[in-house]
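Peer 1: Sequences and hints are given; from them, build the entire structure.
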Amino acid sequence: MAWQMPDEPFVDSEPGSALETVIMPRTRDLGDGFEVRRALPSVRRRMVGPFIFFDQMGPAMFQSGHGLDVRPHPHIGLATVTYLFEGEVLHRDSLGTVQSIHPGAVNWMVAGRGITHSERTPPGMRAAGGNLYGIQIWVAVPKTHEETAPGFTHTPAEALPVLDDAGTRVRVIAGELYGARSPVKTMSELFYADAVLAPRAKLQVRASHEERAAYIAEGLVELDGQTYGPGQLLILRPGAEVVVNASDEKGGRVLLFGGEPMDGPRHIWWNFVSSSRERIEQAKEDWKAGRMEKVPGETEFIPLPEPEPSGVARYP
Numbered sequence: 201m202a203w204q205m206p207d208e209p210f211v212d213s214e215p216g217s218a219l220e221t222v223i224m225p226r227t228r229d230l231g232d233g234f235e236v237r238r239a240l241p242s243v244r245r246r247m248v249g250p251f252i253f254f255d256q257m258g259p260a261m262f263q264s265g266h267g268l269d270v271r272p273h274p275h276i277g278l279a280t281v282t283y284l285f286e287g288e289v290l291h292r293d294s295l296g297t298v299q300s301i302h303p304g305a306v307n308w309m310v311a312g313r314g315i316t317h318s319e320r321t322p323p324g325m326r327a328a329g330g331n332l333y334g335i336q337i338w339v340a341v342p343k344t345h346e347e348t349a350p351g352f353t354h355t356p357a358e359a360l361p362v363l364d365d366a367g368t369r370v371r372v373i374a375g376e377l378y379g380a381r382s383p384v385k386t387m388s389e390l391f392y393a394d395a396v397l398a399p400r401a402k403l404q405v406r407a408s409h410e411e412r413a414a415y416i417a418e419g420l421v422e423l424d425g426q427t428y429g430p431g432q433l434l435i436l437r438p439g440a441e442v443v444v445n446a447s448d449e450k451g452g453r454v455l456l457f458g459g460e461p462m463d464g465p466r467h468i469w470w471n472f473v474s475s476s477r478e479r480i481e482q483a484k485e486d487w488k489a490g491r492m493e494k495v496p497g498e499t500e501f502i503p504l505p506e507p508e509p510s511g512v513a514r515y516p
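If you want the working numbering, it's the 1-based position in the sequence shown plus 200.
The hints are simulated quantities; they were obtained by calculation from the structure and are not laboratory data. Just so it is clear, the structure is predicted and the values come from calculations on it, not from any experiment. Just so it is clear, CB atoms sit at the ideal spot from N, CA and C, and this is done for glycine as well. Heads up, a few of these hints could be off.
Here are the simulated PhoX-like pairs of lysine-lysine, each with C-alpha atoms no more than 20 Å apart in a straight line [to be verified]:
| id | residue 1 | residue 2 |
| --- | --- | --- |
| 1 | Lys343 | Lys385 |
| 2 | Lys484 | Lys494 |
| 3 | Lys402 | Lys450 |
Pair by pair, the computed Cβ-Cβ distance ranges are [claimed, not checked]:
| id | residue 1 | residue 2 | range |
| --- | --- | --- | --- |
| 4 | Leu363 | Arg491 | 43 to 53 Å |
| 5 | Thr499 | Pro303 | 23 to 33 Å |
| 6 | Ala349 | Gly329 | 35 to 45 Å |
| 7 | Lys402 | Glu498 | 42 to 52 Å |
| 8 | Thr499 | Arg313 | 16 to 26 Å |
| 9 | Thr344 | Asp229 | 34 to 44 Å |
| 10 | Glu449 | Lys343 | 46 to 56 Å |
| 11 | Ala407 | Ser264 | 44 to 54 Å |
Peer 2: Here you go:
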């Protein structure tokens with residue numbers, strides 16, 4: 201049941217570099233001009249700390265009458281985290297949650313033993329048209345929490361700590377960074393932050409966790425004398441003190457994330473994550489047989505992929 205990632209370009213670092221490797225995600229067009237860049241998992245790196253999936257959504261401009269339509273689909277053994285730069289997404293789940301997410305806010309959904317949810321453009325934005333741009337990640341949870349009860353938490357932007365220093369503005373999305381802790385409850389020690397750099401500003405990435413990464417969302421940055429651009433995922437070498445410099449005249453935007461290594465490997469198939477292959481097989485059968493909870497108010501759903509996918513089928 202193990203799936204294979206397609207080949208992708210990558211760059212190995214030089215000896216002594218602060219970088220372990222650089223991953224250049226594949227881009228996929230989902231229609232209506234909406235593109236997704238998938239940085240994790242990759243053939244070069246499956247996880248960074250507990251982070252097992254990383255998608256950049258957009259930026260995209262939807263015309264009037266068009267929008268995002270991710271029909272109800274299931275998850276187990278992970279937490280999904282949605283964070284937007286622009287636009288709005290309406291989340292619905294099998295717990296009865298109905299929540300709009302706006303830029304700077306965080307939707308943290310714990311799948312645990314099983315949850316179903318949908319993600320759509322809300323009616324008002326669909327009618328008017330507009331931009332959508334953001335990040336969705338999955339965080340694997342410790343083995344002791346894989347079968348926990350599902351849950352959902354929304355944290356508004358104003359509740360997240362924001363740090364300003366010499367042209368660098370950092371919002372701590374989850375976990376702790378630079379002495380500031382997000383109120384978002386996590387099941388393991390990690391960090392996830394959105395850093396906006398003014399032109400020629402510097403960003404220090406401390407070696408406080410063994411596994412760390414920096415994803416360039418916008419602009420150009422310099423590290424170890426090399427320049428990197430939008431869409432590149434920089435895997436940082438454990439223990440290395442790293443300074444990222446914004447080299448672009450317009451500055452840059454970098455997502456920082458990482459944590460300690462997980463308590464063992466994780467299997468991933470479609471939208472399911474688990475330390476047990478047998479548990480994923482059970483989830484597949486449960487979804488196919490209609491035994492997982494449904495999303496109130498939704499009549500559609502994404503069927504189990506047939507045949508088995510060659511990658512993670514996050515979006516329809």
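Peer 1: Each hint needs a verdict: does it hold in this structure or not?
Peer 2: Hints and how they fare:
no., hint, result
1, Lys343 <-> Lys385, "holds (17 Å)"
2, Lys484 <-> Lys494, "holds (15 Å)"
3, Lys402 <-> Lys450, "holds (14 Å)"
4, Leu363 <-> Arg491: 43 to 53 Å, "holds (46 Å)"
5, Thr499 <-> Pro303: 23 to 33 Å, "holds (30 Å)"
6, Ala349 <-> Gly329: 35 to 45 Å, "holds (39 Å)"
7, Lys402 <-> Glu498: 42 to 52 Å, "holds (46 Å)"
8, Thr499 <-> Arg313: 16 to 26 Å, "holds (24 Å)"
9, Thr344 <-> Asp229: 34 to 44 Å, "holds (40 Å)"
10, Glu449 <-> Lys343: 46 to 56 Å, "holds (47 Å)"
11, Ala407 <-> Ser264: 44 to 54 Å, "holds (48 Å)"
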